[in-house]
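Chemist: What follows is the residue order along each chain.
Number of protein chains: 2
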Amino acid sequence: MRARAISTSASNARVGDGNFFSRSRDGRRAKTRARVGRGRGGRRIDFLERAPGMARRGRRRGRRARWPCAGASADGDGTSTAIFHFERGCAYGTKEMKDLLGSKGSGLAEMALLGLNVPAGFTISAACNERFAARGSTYVQSELWPDVLEAVSSLERTAKRTVFRSGCSLVGRAPLLLSVRSGAAASMPGMMDTVLNLGLSDACVAACVEAGFDERWVYDSYRRLLAMFGDVVEGIPKMDFEVALSQARSANEVRFDSELPAEALKKLCDEYKDIYVKHGKTFEQDPMNQLSKSILAVFSSWNNPRAVEYRDINRLSGLLGTAVNVQQMVFGNFNDNSGSGVCFSRNPADGTDKVYGEFLQKAQGEDVVSGVRTPMMISDLAGTQASAAEELNEVCKELEKDYKDMMDIEWTIEDGNLYILQCRVGKRTGTAAVRIATEMAAEGIITRDEALMQVNAKQIEQVLHPVFVIDETSAEYSGKIVAKGKPASPGAAVGAICFSAKEAKEMKAKGTPVILVREETCADDIGGMFAAEGILTARGGMTSHAAVVARGWGKPCVSGCGDIVFKNDREIRFGSSDKTFRSGNVISINGTTGEVLNASFPVAPSTIETFLPLKTFMQWVDQKRGIEIRANADTPEDADAAIRNGASGIGLVRTEHMFFSTTDRVHAIREFIMAQDETSSTIALEKLEKYHYEDFRGILKAAAGRKVTVRLIDPPLHEFLPSEKQLREGGAQEMSRYIGKSTHDIMEIAENMREHNPMLGLRGCRLGILRPSMSKMQVRAFAQAAIDLTSEGFPVTPSIMVPLVSTVDEFHNQRDLVWGVMKELAKENQQPPIRMEIGAMIETPRCALIAGDLARAGASFFSFGTNDLTQMTYGFSRDDSDAFIKPYIAKGLLRDDPFVTLDPVAVAELMDIAIHRARDIRNDIEVGVCGEHGGDPASLRTIDALDVDYASCSPSRVLVARLAAAQAACSRKEKVKTKPFAVTAA
Amino acid sequence: MRARAISTSASNARVGDGNFFSRSRDGRRAKTRARVGRGRGGRRIDFLERAPGMARRGRRRGRRARWPCAGASADGDGTSTAIFHFERGCAYGTKEMKDLLGSKGSGLAEMALLGLNVPAGFTISAACNERFAARGSTYVQSELWPDVLEAVSSLERTAKRTVFRSGCSLVGRAPLLLSVRSGAAASMPGMMDTVLNLGLSDACVAACVEAGFDERWVYDSYRRLLAMFGDVVEGIPKMDFEVALSQARSANEVRFDSELPAEALKKLCDEYKDIYVKHGKTFEQDPMNQLSKSILAVFSSWNNPRAVEYRDINRLSGLLGTAVNVQQMVFGNFNDNSGSGVCFSRNPADGTDKVYGEFLQKAQGEDVVSGVRTPMMISDLAGTQASAAEELNEVCKELEKDYKDMMDIEWTIEDGNLYILQCRVGKRTGTAAVRIATEMAAEGIITRDEALMQVNAKQIEQVLHPVFVIDETSAEYSGKIVAKGKPASPGAAVGAICFSAKEAKEMKAKGTPVILVREETCADDIGGMFAAEGILTARGGMTSHAAVVARGWGKPCVSGCGDIVFKNDREIRFGSSDKTFRSGNVISINGTTGEVLNASFPVAPSTIETFLPLKTFMQWVDQKRGIEIRANADTPEDADAAIRNGASGIGLVRTEHMFFSTTDRVHAIREFIMAQDETSSTIALEKLEKYHYEDFRGILKAAAGRKVTVRLIDPPLHEFLPSEKQLREGGAQEMSRYIGKSTHDIMEIAENMREHNPMLGLRGCRLGILRPSMSKMQVRAFAQAAIDLTSEGFPVTPSIMVPLVSTVDEFHNQRDLVWGVMKELAKENQQPPIRMEIGAMIETPRCALIAGDLARAGASFFSFGTNDLTQMTYGFSRDDSDAFIKPYIAKGLLRDDPFVTLDPVAVAELMDIAIHRARDIRNDIEVGVCGEHGGDPASLRTIDALDVDYASCSPSRVLVARLAAAQAACSRKEKVKTKPFAVTAA
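Respectively, the protein sequence lines represent chains A and B. Counting with full-length UniProt numbering, you get residues 1 to 986 for the letters of the first sequence. Counting with full-length UniProt numbering, you get residues 1 to 986 for the letters of the second sequence.
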């Protein structure tokens, strides 16, 4: 996004780009850098290396901007500014300056510039917090303090009120009271938040009363200051103040604080001061000391453990710190003609274009949020305060136009006058996001590209998956998180813990929803997994058995949750927590985020399949994106879902997953593996062929003529067997019953198959070459299904992909195998062979480098298996990498998990090399990406920048992937491709 | 090597290059291709697509070449020739035409061209064998036969004798008898070999006697034909003939066949014919039928199972088949003035420049080889046949000059005339090879470059290792081979089988040499391994524990011998053989070839350290080679050996190997791994630091100022623990005794460390980053050793290498770690830090691609870990790859094991990319290769072609590597490097 130019009063310089601050990639100290423009005379001006002048906007609300005496103070080291003033009509900042001014401060500046009625004030920048962190409180108390003092006097002049100083007369005017609020670039719970009514003191209160101000208002304001200052600055438990308040309500026999009479509030103030004493503190009576202490408290809170942890968890790095917003108080509790409220410019739940929010009369802002009284709906405001309500509507529209987004606004009405205290882009559900983006584009507020950029992956995903009814950003939600694993299969699920498949089936039969919790799952757990609402495993990644099966069913799953500690086989705990969870205890899991919650939150299914804005939105998406999106599907149901979600084909059928889905199939594949002679091998293969045929037929039919790419068997065969431990502990015996081989033989065969590094072992086409009967059977089943469907009149486009190729001869061998089977079938069916494309999967670095030779050897297409390619490029085992990738990210040694976000450096370079070499041989050779990266938005940006035709992802990620591909196309500087955009059937 | 130009009589075309035939890389049908030259008028002539004319040489022995009527016959399909004549002074072929004429045939043609006295004859080319294989005996009997008949008549004209036909008169001249001998391009035991005296029959014999020829000679020749033809053509057991012969000797009371009188021989002939009848055969009386049957027998023998197996084992692929040499018989058994012999132009055992060989008077060639009589030494020939002896000396010199090599010659004297029957390049010991090459160069017969190319890696290795006294190419040796594993540590060893370390130590104490045979070895086996003469393991590769330890000690070891089948823990068998080997049975192992032998061959140590020709030779080697050779050394003894062998530094110290060498060390490292708290971890590290310090000190001292590169700990820590099974079966209990942790704790810690794919797991710098205390200790120990030696006046050049880097930040982290320790030490030692270079090991494809960034990040040098790089580039686990690499090679899907021979395609390309990117940043950055490939000649050719500074290999391979590097430089077309050759201290 290009920011408009901003002129500075001091120099009339123009700044070309609003993106002033960038974070350094490695998480180290971010530099406050500014893009530079040219002054009028062509002189180069570094915007932020000088005190930035007051920014002006062309549009004003009829008022001339007045220049406060101290505009913005240059900091000691001259490299950045410390204090940024704002008042209605003018401000030393814009909404783009979030990094320096924080979200709140930049919003205030922006609104001031827009001419909205913002109480005047100033923002102490986040850079000061950084300096404080480096130099300690001396920085605030000596270096910064003169500037703060000057800023306050400037504010006094603007407000035409003064901070109360002893001996001051208040006749005719109220004292200048201040609000002090923190505000970083990203919202961050756990930090010091707000102190209101700062400036009140015993003397001031007395003077106010003497000057004739409403006693109730005065004491109400004072008791709020005492409680907040006590809590936030002095560290006195909030509860103590709340208990006293509650006692006061009882004593006065009232329900709400607002009904307490002045006398009671006055008494309460005294009690509050006693609470200070009880904790060995005294309330600070000097207003400027109150201010300095508050500033220090805000700055210090940046590094309190909760805030640090929050940033770690949310991977917020490179922030300077928090800014501090000091602002003239306006009073929603001033009289009956006053009130406070919050509102969204549109409905954040469903996106309807109507201001949505709540307010409380005669209350300060905190009351609305804290729920001390039930607020009224914003629609009722018109009844009580018609003009303010109308003004609020206008403000909403104006802010939407300015921010080009739906806004979340805090406001106060003081004696009939509307003040806007805060604005930010509003959070919304997926449904709302899609509707808002679509409608805003239709209204002309934003372009279609902007609409596409406004909806994020999570939101589009939310439209489709069951979700918690509770707001996932609320403290109530986040407070219940006990562990985090991999978001293996999206959606929310609640149920009683079960530790075995058997138990899960039993409890489900009794009508109890369950969450199956396992170390890892295997084929034997299928029944229990199906019975469960959701699956939680301690080990395994995004492609573990649990994850694959769960995604196939669209069942929520959190996998690889390393925090789970099995105390024994009936009890677990999470991480370092002592709390024991037993079988039957209810938990919630969020498969979209990977969170595990000690809670029983209600879950609602999302059923917006005929949601018109979504349809429109996805049309725009498809018109924009440069790559096709196909889906990985292992069952006809998967394929069906994928096509419904707009996949333009099935990019990957993982044949081996087909063996997992029922116990019979598991037995059949194990029978094949254990077969020591031709006959028993053939019998097992015949069984498997039947299963395969049905599945392939279903998938081809669901794809309705779109391309379906089947990958021949890929994993090492021993993956289909129980683990060594399981075999020892009865697994072999059980297998023996089904397979008719002795336990000893089974153990021996399994032992002989064991590998040191199965990921680099006998798998992929190596298996297809050395045990060709399995691959031949797969080709037969697939081709026969295609032949039969064709003769029944259904269109099919089948293709076969050879996995884990690293030499040209391997590809030759497998291509010959496929051709052999095709010829055989043609003979059997007495008709010419059907068209079957044969491609290679690029999963090893070597394969990437020889892609040209493979193209020359006749590969019809290529598909990058980016999971394996990442494993081999980094030398990271996906199954084991948790042990180092997590700590690497924590230490700043890795920015992203390369298994989640495609490495844009080396893996992408190998892909790029392969693509170039392949296209040098045959320019129109089809190139795709399959694997988990295909559904990840950040990875899709990388993929989009390559000359790739399609990405294939899991069916549930198809919408996300389509969107991400379109967003990548929006943010792409120029299209690398020489081909026209691929347009797909939506 | 450039071949001289050959003019063809038919066209006078010139062929520019003698390398007419090339084998197709994939082992499929080799095409008979010929390089083309230009005719006199500039017309393009495909040499072999026409019948090649008779080749002429400038130098003749005074005789004019006569053109036989049928020169060489064009084959039916016109693409190649079938029959190639030769006679003294002219021939239709040269020594370069081995592929078509076989080794024997091309040698005969060459000798004929040189004017040597070769009995006339013709060669039926190997291409005919190929056609026979495709079309069956019809090919020989109808298509080829007219040409053979014509060739025989031509030979009759040349020889001025005729094949005996009934009714023929032999008065005044002997009949034309023929020898028929097979001869492929490579020597190949197991194929049909020789039929002599072909043409004799009852009628012919009678006619000869009638014509007055010596009866003894006649019947001796006939009985030989009967026996050979019976054996070779009719498949009658040789033994039957030998029994009859032996009975004849007894009956006649003579010791040797040559003493049998004519009468006895005549009787023997009748008995032989009876043997035919006994086997349901009749001796073929028609000479031309004898010939056609013999040709068919030779052609068929190409594909008999023994021959096929031999080619498989020796990886001979792409051969057309065998040629058949039909030649006029000359008779060493003609009279007392006759004899047969074999000789080498120089001594093949020590290389002395003196003709060396044996001969028998009055004998045919087969007698010399078969040992029916003890032959005389060639030095005695001068006494009996002075002129023939002198002529033989001349022939030897002439052939040496022509072939530019030491020759192996078969000859016969018929009635005083010397005939040369066969010549080939002579096999020789390593010692002889070095001496011959050096002396031939000194004599001016060959250039220094040619001398370097004449000695191969095996030979130079042989100079240094203990070897079997028996000839390893003999049938006696190869017949004893029972299994083959990896040649893990070179040298020969003989001893009694022991299955446990304990047993090995006990038996050794009793004075019995033992071979320790284990599934695989671990640290607990150290004592037994040390006691053993050699080590044989069923599992593990070239870097397995057994291999590493054995190489460290210079003890022969064969590892990963998959043929071993453990019947129980006291008995094994090999492969499919039934024979059981028990503890105490004596076997031999050949660590140079990987062979296991059911034999007790004598072994001799090689002690030629002061062998002057070797010194000279290695000087030439060092002057020629373009890359430095350093050594991988893990102990001071290794380092010492390496420097003695001429290593120019220590390119890789694998710190982890230092933990294997004694039980105390194993306990200490396990203590560290099991340590759960800082204190116990520190105690364990202090122990390890002491061991490290001593080793590092010793290595640095041995290197005497040359660069020593230490690699920080690389393998996953669980590699130092017993296997899970071992732990379960008492290993944990034993560990518990030493480490003072409960068995349960040990099992649990080990369990938690287990990884799915340890090769891609928590190892290398990942370990150094996440458990830095170990790496810090290693740096401390190394740096302190360097500091101490410096202050004692010893020069040192220490450097540290970070393993398994895949991101720049990983390198940063480890570089900071090293710097931190260096600063600490400098402070402790109160002196400025010593110079310590820090480099990165390039082992992952990603690291190769970011080499430029690493160079920018300050890496002082790079070293390619080609083992890991190969694993990750191919996606082949070295530990598991036997399961597919072996069958791949057998199927022709891979030419070489990429862990033995560096992949010149993808792995080399990644290396090339890395080198270019690194040198783009800093042109003089040092780049090396460490790992097993550094000692492999084929790999060194690939390495030499890259812009690499050095290769590092095991100390025992240093000589080989130096030679291979020089040979690579010789065969390199042009030097890629821009730098001058590195000259190293030899």
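Please keep in mind that the hints were generated in silico from the structure rather than gathered at the bench. You may find that some hints are simply not true.
Same chains, same names: a pair is fine if it fits in one copy or spans any two.
[Claimed, not checked] With a Cα cut of at most 27 Å, we get these calculated DSS-like pairs of lysine-lysine:
| id | residue 1 | residue 2 |
| --- | --- | --- |
| 1 | Lys480 | Lys160 |
| 2 | Lys725 | Lys776 |
| 3 | Lys502 | Lys886 |
| 4 | Lys567 | Lys886 |
| 5 | Lys579 | Lys281 |
| 6 | Lys725 | Lys567 |
| 7 | Lys741 | Lys725 |
| 8 | Lys579 | Lys480 |
| 9 | Lys687 | Lys776 |
Chemist: Reference check for the pair Lys725 and Lys567, CA-CA at most 27 Å: within, between, both, or neither?
Modeler: both (19 Å within a copy, 24 Å between copies)
Chemist: Have a look at Lys579 and Lys480 and pick one of within, between, both or neither, based on CA distance no larger than 27 Å.
Modeler: Within. Shortest intra-copy distance 13 Å satisfies the 27 Å Cα cut-off; inter-copy 68 Å does not.
Chemist: Is it within a copy, between copies, both, or neither that the alpha carbon of Lys741 lies no farther than 27 Å from that of Lys725?
Modeler: both (19 Å within a copy, 24 Å between copies)
Chemist: Can you give me the call for Lys725 and Lys776, within, between, both or neither, at a CA distance of at most 27 Å?
Modeler: Neither way: Lys725 and Lys776 sit 32 Å apart in one copy and 37 Å across, limit 27 Å.
Chemist: Evaluate Lys567 and Lys886 at a C-alpha cut-off of 27 Å and name the case that applies: within, between, both or neither.
Modeler: Close inside one copy (23 Å), not across copies (46 Å); limit 27 Å.
Chemist: As a check of your reading, is Lys687 near Lys776 (CA-CA no more than 27 Å) within one copy, between copies, both or neither?
Modeler: Within one copy only: 14 Å inside, 58 Å across.
Chemist: Reference check for the pair Lys579 and Lys281, CA-CA at most 27 Å: within, between, both, or neither?
Modeler: neither (36 Å within a copy, 93 Å between copies)
Chemist: With identical chains, the pair Lys480 and Lys160 could be close in the same copy or across copies; at 27 Å between alpha carbons, which is it: within, between, both, or neither?
Modeler: neither (48 Å within a copy, 110 Å between copies)
Chemist: Check Lys502 against Lys886 for me: Cα-Cα at most 27 Å, and say if that holds within a copy, between copies, both or neither.
Modeler: Cα proximity of Lys502 and Lys886: none, with 34 Å in one copy and 45 Å across.
When each numbered hint is compared with the structure, violations occur for hints 1, 2, 3, 5.
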